[in-house]
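Participant: Given these sequences and hints, build the entire structure.
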Amino acid sequence: MSSEVILEAIDVIKHFPTGARGLLQRTTGTVKAVDGVSLQIYTGQTLGIVGESGCGKSTLARVLMRLLEPSAGSVKLQGEDITHIHGQHLRKVRSQMQMVFQDPIASLNPRHSVGEIISTPLKFLEGHHAGSDKARVQELMNLVGLNPEHYNRYPHEFSGGQRQRIGIARAIAVNPKIIVADEPVSALDVSIQAQILNLLEKLQADFGLSYVFIAHDLSVVRHIADQVAVMYLGKIVEIGSPEDVYGITAHPYTKALMSAVPVANPRIAANRHRIVLTGDVPSPVNPPSGCRFRTRCPKAQELCAQDEPLLLDRGHGHPVACHFPD
Amino acid sequence: MSDEVRKGEVVLEVEDLSVGFPTPDGLVQAVNGVSFSVSSGQTLGIVGESGSGKSVTASTIMGLTNQKSANVLGSIKVGGIDILRADEPTVRGLRGQEMAMVFQDPMSALNPYYTVGNQIGEAYAVHHPGCTKKERREIALGMLNKVGIPNPIQRIDEYPHQFSGGMRQRIVIAIALVNNPRLLIADEPTTALDVTVQAQILELMKSLQQEFGSAIILITHDLGVVAEAVDDVMVMYAGRSMEKASVTTLFDNPSHPYTRGLMGAVRSLDHSSRGSLHTIPGSPPSLISLPSGCSFRPRCDLAASLGDTCSLKVPSMRRVEPIGSLSACHLDDQQLVNLTKKNFAS
Ligand SMILES: Nc1ncnc2c1ncn2[C@@H]1O[C@H](COP(=O)(O)OP(=O)(O)OP(=O)(O)O)[C@@H](O)[C@H]1O
Ligand SMILES: Nc1ncnc2c1ncn2[C@@H]1O[C@H](COP(=O)(O)OP(=O)(O)OP(=O)(O)O)[C@@H](O)[C@H]1O
Ligand code: SF4
Ligand code: SF4
Ligand SMILES: [Mg+2]
Ligand SMILES: [Mg+2]
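Top line first, the protein sequences correspond to chains A and B. Going by my numbering, the first sequence opens with residue 1, and the numbers climb by one from there. Going by my numbering, the second sequence opens with residue 1001, and the numbers climb by one from there.
Think of the hints as simulated: they come from the structure by calculation, not from any bench. Hints may contain errors.
What the hints assert, rightly or not - Okay, the calculated bits of chain A under chain B, using three or more residues with CB under 8 Å as the criterion:
(1) 104 to 116
(2) 192 to 199
(3) 215 to 228
In this text, a Cβ means the ideal position worked out from N, Cα and C, and glycines have one as well.
Facilitator: Right, here's the structure in full:
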């Protein structure tokens, strides 16, 4: 890829203690939420992340945003190591990155009006004039398809999809360099979804924004991403251009994922072949030895239990972590 | 093909439901004269633009819209009882047992201070007074397993914030299903789930339906899910019901101009890998001052062909022959059928 790397994760690991909290109980293990992930986000491009629920996408996003400190590995923003920075320095770095959170209602303060919520990040801008906030907020509301007259309303007065768009308006308010968007369009009907995707692409074209775009909707990711990373249980199992990952799918997990996409046609839906994953869904507390997908993989062999497959180009033109790729 | 496939007895009957919220700017008419029914064994999908009144309809059915602060009109009968007129203890008795809801926002439905095991067990205990602590725990474990949470024994004593977005959603689903309700309303139950878990949850709902003959309302914007999981569909726009049809009829012959716009947007996403996506031009109307006549009029490119009709009269629902769907549009059958042929011949 021609453009330069803006954000980079190098062998990032994030573990959480698990089990009940509380004074008397000890922790019973560690959730290996992200377990050795390296990737690059290029200026003006979009990295899409897909993968099973609980595989570590949101955790990885929070580490990239430095909302979480990784347990090991490092995060670099434009070549600068930001893995362990704190305080003032961290705040400054963060002002260049914005996040759209997966849970819209939990990320919006119920006691603040939408106008206040969207204008909050504006207050940290250099040369900020409070007088122009309202106009800017209403412009943003318009851009994401919210009625600007609802400026004084509170989050509970909005529908699910409207709340999601409040989060998007807040993220684009300060013209950040990078937006990490966690399921930003999942609650939107297709027409508004298309409107938001068009808007994100326009902002990217106009201002060279970079995106990390997490979504479970594979057609949305194919549409918007320049690079797609498929995660399974804390690791990347396949990564490449959408043409590669969707066209020359090599990893058995990616294959299963693709085959499970619902088709918007009741006649096709009734007759198509879906790869149903059987076998135990492993836990990130004690992932299987060797290949983490082997407990559910239709192609698993003995080697898969012994050796962990590395993420390498195995003749597909893009990296795949599988001993026996298609 | 008949459009309102009756599989069993009517479990829910909604008649002429309207919900308005008074605000300082005026009355927000979120739901505006909606009627439908669902029978046991039937799955009704509700689709429609963001903000069209789907969730408000759902929570009003559950008796969760405060009638003191909102204007609620019409009737909602669940197993013969009118939710809007029954007293609070009666409605509370129905909720969780007869009818349950999976909310759109999983985090707001969970209590951050209780473990997930306690919350599932509690939902069970409310309707099973006298059950033991051990029973509760076993039920909770079983449910965690059913919704596909790996390693339930280890995770039953954890708190909501320790779970991923999709796992929380599955916990909310477990709570809704724990009493095998006769009516299940699932509001975007799979939005935070990847496609494989989504398929698993849809299966789980289907098996509940087969086992207990439950009636299901599935609210979703994902037309792929609609195609796979529902029998009939109601399309909402600006608080009104625009079209009702069986799922195959709706996909083969979307008759209402709004439905056709919606379908167009799906197709455009499925077919283009890059470039601008198709949207329905314009934006949804303000629910405080709806356009006169048909609420879709300002965005409808066919309104002009009917002169003033669309701005003078609210179109009522009628059957479109020979397609068989119910549609709220002033265009006549022949015009609607022609449109269908023009754009959706396969
Ligand atoms: N308490 C309230 N006060 C004022 N307006 C409200 C209130 N609750 C909902 N609304 C408005 O009513 C309309 C319908 O909301 P509802 O949540 O039913 O939409 P929805 O169809 O579920 O949309 P989505 O697909 O985005 O979830 C929205 O325009 C919303 O802003
Ligand atoms: N604060 C935390 N404490 C303990 N465990 C956590 C915490 N946050 C996340 N986890 C665990 O880490 C794993 C990965 O979670 P994460 O939220 O990153 O998944 P995800 O890929 O975003 O899933 P989804 O698609 O469901 O949102 C899960 O097993 C989750 O339970
Ligand atoms: S390494 Fe083995 S178990 Fe893992 S995905 Fe490949 S074939 Fe399947
Ligand atoms: S009634 Fe008129 S404005 Fe409404 S959808 Fe039909 S043609 Fe369009
Ligand atoms: Mg997540
Ligand atoms: Mg809703």
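Participant: Evaluate each hint against the coordinates.
Facilitator: Here's how the hints hold up against the structure:
Evaluation of the coverage hint for the region 104 to 116 of chain A: fulfilled, as 3 residues show C-beta separations to chain B shorter than 8 Å, against a requirement of three. Only residues whose C-beta sits within less than 8 Å of a C-beta in chain B count toward coverage, and the region 192 to 199 of chain A has 6 of them, enough to reach three; the restraint holds. For the region 215 to 228 of chain A, the proposed coverage by chain B is satisfied: 7 residues have a C-beta within less than 8 Å of a C-beta in that chain, meeting the threshold of three.
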